[in-house]
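Asker: Here's the letter readout for the chains.
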Amino acid sequence: MIALRGVCKTFDGGASYAVRDVSLEVPARTFVAIVGDSGSGKTTLLKTINRLIEPEAGEVYINGEPVRSVAPHELRRRIGYVFQGVGLFPHLSIAQNIGITPRLAGWPEEAIRARVEELIDLVRLPRTFLTRRPAELSGGQRQRVGIARALAARPAIVLMDEPFGALDPVTRDGLGTECRRLHESMRLTTVMVTHDILEAVLLADRICVMRRGRVVADGEPHELLAGHPDPAVRTLMDMPRRQAERVRALLEERAARE
Amino acid sequence: MSDPLRSALAVLPEYLSQHVLLSAAALALGVALSVPLLIAARHSARLRWPVLAAASLIQTVPSIALLALFYPLLLGLSRLTGRLFGVRFQALGFLPSLLALTLYSILPILRNGVTAVVSLDPAIVQAAHGVGMTSRQRLWRVELPLAAPMLMAGLRTSAVWVIGTATLATSVGQTTLGNYIFTGLQLANWVWVLFGCGAAVALALVTDQLLALIAFGLAHRRPRLAWLGLCLLVAGVAAAAAVPLTGSRRAGFVVGAKNFTEQYILAALISSRLRAEGYPVTERTGLGSRLAFQALAANELSVYVDYTGTVWHDDLHHSSDPPRAKLLSELRTELRRRYGIVLLGPLGYENAYVLAMRRRRAAALGIRTVADLARFAPRFALGGDLEFFARPVWHDLKRRYGLHFRALRQYEPAFMYHALMSGAVNVIAAFSSDGRIAEDHLVLLKDPLHVIPPYDAVILLSPRAARNPALRRALEPLINHIPIGLMRHANFLVDRRNDKRTPRQAARWLAHAAHLR
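Taken in order, these protein sequences are the chains called A and B.
Remember, my numbering sits 41 above the position in the first sequence when you count from 1.
Remember, my numbering sits 20 above the position in the second sequence when you count from 1.
Extracted from the complex, chain A is given alone in its bound form (with noise of 0.2 Å):
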């Protein structure tokens, strides 16, 4: 379970503050999805849970224990970590990417190789790429390197900071479906930060709406999509739907059509 108390995070000195005083629950196997604008201070919310950045106050706990008294790279290897940027790298093969936590962790050879056999299959990409380089990927296919990466040292918390932003529709609803899958069936407690709302509907849980650092909405998507009595709130909740009745209208008339 990740428990943020209070977190606050300022980039100049306190004249504002990127993250204002966020507390926040994940429950262990919970898919959260953090939404906002750009600017509302969602990814720096994230990266203080792996200490990529470090809060002024407030504290962030990992199953009851605060992370600070971890060292920052113990830490990071027990959480995979996707974003949008992928940043595999280039002079490493893919097998050598997918495995390297799990090296520095001092893993045996033969177990990482095992490992990072089934995280290929796991992201259903050919075994054959695994002694290709980085650059011979497409994008899609490099982000999926990305997510086997993230989990080869089985992390029980993914990060995932827009990791399908870069990506074409199709590709990214395939590899949205494909985490969401993934998130079941290795038991993870994923925290994914996106500015696309129908994806955070769509795969979470559990939706926070972000605006100026504070958190000003959390609940389940269908609770949400209810209503809110926040207007902004309300205008973000209602795109989806407004986009899935003009589908449907579509669809109903074609068939009244024909």
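No lab work stands behind these hints: they were computed from the structure.
Positions of the beta carbon are idealized from the N, C-alpha and C atoms, including for glycine.
Possibly wrong hints are sitting among the right ones.
Reference listing, derived: stretches of chain B covered by chain A, where coverage requires no fewer than 3 residues with Cβ under 8 Å from a Cβ of chain A [claimed, not checked]:
#, region
1, 142-149
2, 448-461
From the derived model, a few chain A residues whose C-beta atoms are all more than 12 Å from chain B [to be verified]:
#, residue
3, Ser64
4, Leu200
5, Asp209
6, Arg252
7, Glu286
Given chain A's structure and the hints, the job is docking chain B onto it.
Answerer: Coordinates of chain B only, in the frame set by chain A:
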């Protein structure tokens, strides 16, 4: 019989191996210094700026000046360690060259490395953090491997620079391929100059290509190619280290020579006499005037020939002009007292500065003395060697005769005569024992005010060498046995344009002609 190519090839193993060892040591040290600097500076803009600025600054100091500056620095340091720990080290030759070249090699490696690390894709840096790398793991697993191609490119640039610049180390007494160039320039031996340039270029190209092979092997995951390149480089350096030096450095004498023909001949003459006595001898030729004197005082040279006026004014900084005999005796006393240097005695001729013109031109204008020249000076350009215009004798000449020339031009001695013959200058400050005076039909202008001090050639022995009676015995027969006419002719044999002789051949001729025992 005078076959410059054959003589060049004969010393190639020594010159090339010395050049290779110096360059390799400087590069290795440069890498050893710049990689830690790179590691320290890569994430700290506060450290990066001054480090890169310092490296760039060093690069802008002319290499020959940097080399020359290290000599007095090391000499002082050596005196200090001598006083503190009783250990002194050789401040001439290898060490100053190594330090200067090392400093030169740093910038390209450092700058390329820093640029490569700083411009790494931020996504890769973020991923390196995200997968749980420690700072050290990021360095070794991500930053250095990804910076390697740029680092190798920097190393290649450094290697080419160092190999090229190492030729200048000759001027601080380190044998390199530059000896061909410096000696060739002094003796107007163009085959040697070209040979030296060609050899340095070839060495630079080969090294560059071997480094390129290593870089290619690394970049394309062909470790065998990288190893091949590395092994060939190491083999080259090992082969250079295996070449024996001519004459063991430890037990023998070091004979010095400044950078003009006569000095080369006299060094050859002195060396041959010492070798005949069974001593191993090393020659350090092409030294600057002040450098030679300091090196002698520091026992880094055993013996060389200098000139009374030069030592009196330039090294001992006197402004008085005692008459010839008094100058010699005062010089003898003072050198012994202040430096422990022994003035063994005069060779019997003088190599003074003299203002010289082309005979026909001087006759047409009726110029016979420096006083006559003063009237025409505003229309004339004066050529001097690289040291002349900084010497007290020039200031005295200018002041006493009221000389105001249209232009002053500095030349390597060999080019100065060409400049006079081609009309680039009208008057030169020539050397009275120079062979080219006769060859070029020059007239020497008289000095009625006796402004130019006596420049008697004298043999100077270092404090340590002076304690060796056998050395004195070997050189004493030269005292007062070399008349000006013979010295001039010996110089002429080397300097003339056709049928040139080597300094060694001229020295042999001189020994014979002077009936030396």
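Asker: Tell me the numbers of any earlier hints that the structure contravenes, in ascending order.
Answerer: 2, 4
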